[in-house]
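Undergrad: Using the sequences plus the hints, can you model the full thing?
Here the protein sequences come in this chain order: A and B.
For the first sequence, the residue numbers in my numbering are 67 to 398.
For the second sequence, the residue numbers in my numbering are 67 to 398.
The set of hints was computed from the structure by calculation and includes no laboratory data.
Ideal Cβ positions, reconstructed from N, Cα and C, are used throughout, including at glycine.
Please note that a few of the clues may not be correct.
Pair by pair, the computed Cβ-Cβ distance ranges are [as the list claims (entries may be wrong)]:
| hint | chain 1 | residue 1 | chain 2 | residue 2 | range |
| --- | --- | --- | --- | --- | --- |
| 1 | A | 90 | B | 393 | 55 to 61 Å |
| 2 | A | 218 | B | 305 | 48 to 54 Å |
| 3 | A | 299 | B | 305 | 42 to 48 Å |
Pairs of lysine to aspartate or glutamate, EDC-like flavour, derived with a Cα cap of 16 Å [said to hold, decoys possible]:
| hint | chain 1 | residue 1 | chain 2 | residue 2 |
| --- | --- | --- | --- | --- |
| 4 | A | 148 | B | 396 |
| 5 | B | 368 | A | 224 |
| 6 | A | 213 | A | 224 |
| 7 | A | 368 | B | 396 |
| 8 | A | 235 | A | 176 |
There are 2 protein chains.
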Amino acid sequence: MKRTILSAAIALLSGFAIGQAAAAEPIQPIKPPANINLGMVELGKKLYFDPRLSKSGFISCNSCHNLSMGGTDNIPTSIGDKWQQGPINAPTVLNSSLNVAQFWDGRAADLKAQAGGPIANPGEMAFSHTLAINVLESIPGYVREFKQVFGKDKISIEEVTLAIAEFEKTLVTPNSRFDQWLLGKKDALNGDEMAGYKLFKDSGCVACHNGEAVGGNSFQKMGVVEPYKTKATAAGRADVTGKDADRFNFKVPTLRNVEMTYPYFHDGAANTLTEAVDIMGRLQLGKKFTRDENTQVVAFLKTLTGDQPSFALPILPPSTDTTPRPTPFDKK
Amino acid sequence: MKRTILSAAIALLSGFAIGQAAAAEPIQPIKPPANINLGMVELGKKLYFDPRLSKSGFISCNSCHNLSMGGTDNIPTSIGDKWQQGPINAPTVLNSSLNVAQFWDGRAADLKAQAGGPIANPGEMAFSHTLAINVLESIPGYVREFKQVFGKDKISIEEVTLAIAEFEKTLVTPNSRFDQWLLGKKDALNGDEMAGYKLFKDSGCVACHNGEAVGGNSFQKMGVVEPYKTKATAAGRADVTGKDADRFNFKVPTLRNVEMTYPYFHDGAANTLTEAVDIMGRLQLGKKFTRDENTQVVAFLKTLTGDQPSFALPILPPSTDTTPRPTPFDKK
Chain A
67 MKRTILSAAI ALLSGFAIGQ AAAAEPIQPI KPPANINLGM VELGKKLYFD
117 PRLSKSGFIS CNSCHNLSMG GTDNIPTSIG DKWQQGPINA PTVLNSSLNV
167 AQFWDGRAAD LKAQAGGPIA NPGEMAFSHT LAINVLESIP GYVREFKQVF
217 GKDKISIEEV TLAIAEFEKT LVTPNSRFDQ WLLGKKDALN GDEMAGYKLF
267 KDSGCVACHN GEAVGGNSFQ KMGVVEPYKT KATAAGRADV TGKDADRFNF
317 KVPTLRNVEM TYPYFHDGAA NTLTEAVDIM GRLQLGKKFT RDENTQVVAF
367 LKTLTGDQPS FALPILPPST DTTPRPTPFD KK
Chain B
67 MKRTILSAAI ALLSGFAIGQ AAAAEPIQPI KPPANINLGM VELGKKLYFD
117 PRLSKSGFIS CNSCHNLSMG GTDNIPTSIG DKWQQGPINA PTVLNSSLNV
167 AQFWDGRAAD LKAQAGGPIA NPGEMAFSHT LAINVLESIP GYVREFKQVF
217 GKDKISIEEV TLAIAEFEKT LVTPNSRFDQ WLLGKKDALN GDEMAGYKLF
267 KDSGCVACHN GEAVGGNSFQ KMGVVEPYKT KATAAGRADV TGKDADRFNF
317 KVPTLRNVEM TYPYFHDGAA NTLTEAVDIM GRLQLGKKFT RDENTQVVAF
367 LKTLTGDQPS FALPILPPST DTTPRPTPFD KK
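TA: Given below as structure tokens:
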């Protein structure tokens, strides 16, 4: 009995110490999502995978934010309707609920505001909100599920984007090895990884890449010490604020699961973490990492890969005779 | 005790009667797959969802044989690399292990022979087998899994297509309401559905649409009584045999899950089951179904939707620094 109390006291004290230690670090462990509406999640999951929200019937949210591949498409810029080349790299949807705002330039305040964008973007899904609603309202399986979740007979883009956003809130990736270390499992990281984390802190990477998402919580200029050369025309935050001072300010991307979200930067120009760490060091911090230092930082970054969202592939309710058919090709 | 024996005897007899009844029907219930190598299935599932088997890094098997949508893409002809328009409707992958051969013209003897086709087809995934193997061999997660499953250090297209085929063998859809009826649940079908099944038999549809897959087991001429008018140039079986007599002979498609596999025919020209049943009746059987008859046949066809394959979305092992990157767009 005494022993049990002692063990409990030790566990409590060490738990306190660990809590303190984690709190002192610039990166915080990912918390599993709370306040989740599961009915809305199931509906949002279907919508996320449904290519009938695109003009062609071929492109869904998951096409460019592929949940088999770190929530992105792993190509420099995305493929849109009729194989149009997107202007910017698709950011990962994983942990995007932790972002200060959505899109590289933060033009959407939250996931709900973001979700409607690609559907109606002529270069992406090339549909319209009205057409998307017409499709959904023609499918009894959807009508019933919307009614169950929202208690309304009519579907509007409000409910569509709310449901997609609710599903996206579940796409967090806790339990990375780094989080295990933060939570007290001191052997979760090896020597190189620990050295990499020390470099990551001491060199100043944490100035922007911090918090739960290791980024995603501020806008920063791409190219502080040296200018960043790119063929991409995106002006970043300035496109939203209209301020010259915001030119080339982009949302700092999350580094969670960064091993899976290649290629890197808003133009997807860096193919490897080695390259990305080298460029970030020189352009943002005026620091040239040695080869060994680079290896260590990369080793640390790979410990940020967490548990990937696991769920059954959704089965979509079939279209009916009255469902408007997609137009993948121009009529000849 | 007596009662138990009696019950058992009755159960046995009625089981026998049901077995007899099902055997007497031209359609047989789908049997769940046997002799499945689960390690190979898991590997094949990843490959099936991996767009890195395409030149662009954007198209996977699941793009056109989408398991959220009845194992097809629900558009008349598929979208290939650079948005090329395919020449023919993507047949469903569901229950395709039951087909006498693969592709509409049967040019692949089995699923393994089929799986390599789209990867190397310039109009589809536009890659090559060699390039696909180069990608897979650069990814340690795949190298390990291939070694575990096949016991070899080298990967070849043989193992890739074997694994994909093994996964595809699991994509059967048992337990449709019609199969429940075949297996003895006499209230599984309502009056219209039963009347539709009787029409389906009495009108001669079962001459070609029979067996476990309700089709898929023979090649038949499209347009027997009246010629079929189409813009599609596919010559069907004649492309394989070189025989003039085989012109416009196509593999009879399975009608399993037909509610989900719209649009219909090899050219995807029929948008609805109503239309497809009408055309089939007139062109193949010289029979004009009345509106009520058509409704009944369609009602019966919708009872062929079975349990859709249910599994967790696979998480793909990430590329490495040495993985050849996809080329979604031509270099400018």
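Undergrad: For each hint given before, does the structure comply? Return the numbers of the non-compliant ones in rising order.
TA: 1, 5 and 7
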